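Spelled out, the chains give:
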Amino acid sequence: MSVWEVPERVEPPVDPVDELAALVGRLEFQRTTLLMKCGGLAPEQLVLRAVPPSRLSLLGLVRHLSAVEAWFHEYDGQPDHLYFWNYGTTTGFEDLDPARAADDLASYQASVARSRAAVAGVDLDERSPGEDYTLRWIYLHMIEEYARHNGHADLLRECIDGVTGE
Amino acid sequence: MGFRARVERVLPGRVVGEREALGQQLEFQRATLVGKLDGLEDEALRRPMTASGVSLLGLVKHLTATEHGWFLKIYAGVDEPELWPADDDFRVGDGETAEVLVGQYLRVCERAREVVAAGELDDLVTTPSGAEANLRAILIHMVQETARHNGHADIIRESIDGTTGQ
Numbered sequence: 001m002s003v004w005e006v007p008e009r010v011e012p013p014v015d016p017v018d019e020l021a022a023l024v025g026r027l028e029f030q031r032t033t034l035l036m037k038c039g040g041l042a043p044e045q046l047v048l049r050a051v052p053p054s055r056l057s058l059l060g061l062v063r064h065l066s067a068v069e070a071w072f073h074e075y076d077g078q079p080d081h082l083y084f085w086n087y088g089t090t091t092g093f094e095d096l097d098p099a100r101a102a103d104d105l106a107s108y109q110a111s112v113a114r115s116r117a118a119v120a121g122v123d124l125d126e127r128s129p130g131e132d133y134t135l136r137w138i139y140l141h142m143i144e145e146y147a148r149h150n151g152h153a154d155l156l157r158e159c160i161d162g163v164t165g166e
Numbered sequence: 167m168g169f170r171a172r173v174e175r176v177l178p179g180r181v182v183g184e185r186e187a188l189g190q191q192l193e194f195q196r197a198t199l200v201g202k203l204d205g206l207e208d209e210a211l212r213r214p215m216t217a218s219g220v221s222l223l224g225l226v227k228h229l230t231a232t233e234h235g236w237f238l239k240i241y242a243g244v245d246e247p248e249l250w251p252a253d254d255d256f257r258v259g260d261g262e263t264a265e266v267l268v269g270q271y272l273r274v275c276e277r278a279r280e281v282v283a284a285g286e287l288d289d290l291v292t293t294p295s296g297a298e299a300n301l302r303a304i305l306i307h308m309v310q311e312t313a314r315h316n317g318h319a320d321i322i323r324e325s326i327d328g329t330t331g332q
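Chains as they are written, first to last, in the working numbering: chain A, 1 to 166; chain B, 167 to 332.
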């Protein structure tokens with residue numbers, strides 16, 4: 001099995017006058033950080049529950065965040081994608097299979113692509129269809145959600161091969 | 167008995183403007199950090215738990231230095247020395263109990279809250295690296311920084327007594 005690629009990460013702007021640019025830049029930074037934490041590892045390492053008693057693994061985090069991205073999918077008016085929702089809180093972290101890691105990554109990337117398309121051009125004050133959250137709230141929530149899970153990824157990675165930082 | 171957090175954790179408003187959204191999300195992360203300590207004895211709070219020896223109180227100390235550095239020294243230009251030598255802020259000394267360190271964290275957060283309230287999101291300041299950063303970017307950075315360390319706190323806390331969530 002080949003190792004996952006290490007993506008290039010773009011630093012968000014430090015002087016954004018535009019609220020949307022600030023939020024998008026920081027969220028993309030966090031998305032890329034998650035894949036950097038997985039980069040250079042083989043599927044057999046990505047499924048390791050490396051910080052017991054926690055059930056978390058790097059591949060579990062990627063699967064979980066595929067589902068969490070559905071916050072954005074709401075805006076495109078299309079049905080929920082059951083494949084992403086199958087990765088929800090419990091199942092995302094269970095039933096991990098190194099042989100399916102590449103498929104899980106492809107699903108994650110498809111989920112992110114759908115998110116980007118769903119909210120392109122949407123005003124930050126616009127409410128999520130069906131629920132009383134603004135897009136602003138969702139962006140900030142997704143930034144903290146990713147950052148917190150990247151904190152989990154930090155300690156998983158440190159226990160897998162000693163790599164820290166980024 | 168153990169440590170008592172005594173900090174109310176309020177979910178960020180779902181339909182608020184930019185400034186409130188940023189401030190409330192940062193408050194939520196700060197309260198999450200303190201809440202992660204709730205109920206633990208001093209010995210558990212200072213126990214090095216990760217491969218690199220980080221403890222829950224070490225996280226509090228580090229984030230105190232981060233709040234002080236970004237909001238008070240860099241943004242407000244307060245002429246004070248750094249609270250601890252750089253790279254030393256994860257290390258917890260014998261006299262640094264939870265009451266001492268959390269008390270200091272909450273006082274620094276209160277001072278940070280005051281300077282943020284008096285400022286504008288477009289205010290530009292020069293960072294130690296020479297870049298021009300605005301308050302908007304600093305607030306978003308502090309949300310992701312605190313959230314990421316809360317991810318570390320999640321894993322550490324679960325290792326100590328199995329508690330997860332919040």
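Hints were generated in silico from the structure; no laboratory data involved.
Just so it is clear, the structure is predicted and the values come from calculations on it, not from any experiment.
Ideal Cβ placement from N, Cα and C applies to all residues, glycine included.
Check each hint, because a few of them may be wrong.
Unchecked claim - Quick list of the computed label-pair ranges, beta carbon to beta carbon:
1) B:G296 to A:A21: 41 to 51 Å
2) A:A42 to B:E174: 42 to 52 Å
3) B:E276 to A:A102: 45 to 55 Å
4) B:T293 to A:P79: 19 to 29 Å
5) A:A110 to B:E207: 41 to 51 Å
6) B:L177 to A:G121: 41 to 51 Å
7) A:S2 to B:V266: 45 to 55 Å
8) B:E174 to A:A21: 24 to 34 Å
9) B:E207 to A:P53: 16 to 26 Å
10) A:E126 to B:R175: 20 to 30 Å
11) A:E11 to B:D245: 45 to 55 Å
12) B:E248 to A:R9: 26 to 36 Å
13) B:D245 to A:D123: 26 to 36 Å
14) B:E207 to A:A99: 43 to 53 Å
Tested hints:
no.: 1; hint: B:G296 to A:A21: 41 to 51 Å; result: violated, 21 Å
no.: 2; hint: A:A42 to B:E174: 42 to 52 Å; result: holds, 45 Å
no.: 3; hint: B:E276 to A:A102: 45 to 55 Å; result: holds, 49 Å
no.: 4; hint: B:T293 to A:P79: 19 to 29 Å; result: violated, 45 Å
no.: 5; hint: A:A110 to B:E207: 41 to 51 Å; result: holds, 47 Å
no.: 6; hint: B:L177 to A:G121: 41 to 51 Å; result: violated, 28 Å
no.: 7; hint: A:S2 to B:V266: 45 to 55 Å; result: holds, 50 Å
no.: 8; hint: B:E174 to A:A21: 24 to 34 Å; result: holds, 33 Å
no.: 9; hint: B:E207 to A:P53: 16 to 26 Å; result: holds, 19 Å
no.: 10; hint: A:E126 to B:R175: 20 to 30 Å; result: holds, 27 Å
no.: 11; hint: A:E11 to B:D245: 45 to 55 Å; result: violated, 29 Å
no.: 12; hint: B:E248 to A:R9: 26 to 36 Å; result: holds, 28 Å
no.: 13; hint: B:D245 to A:D123: 26 to 36 Å; result: violated, 42 Å
no.: 14; hint: B:E207 to A:A99: 43 to 53 Å; result: holds, 45 Å
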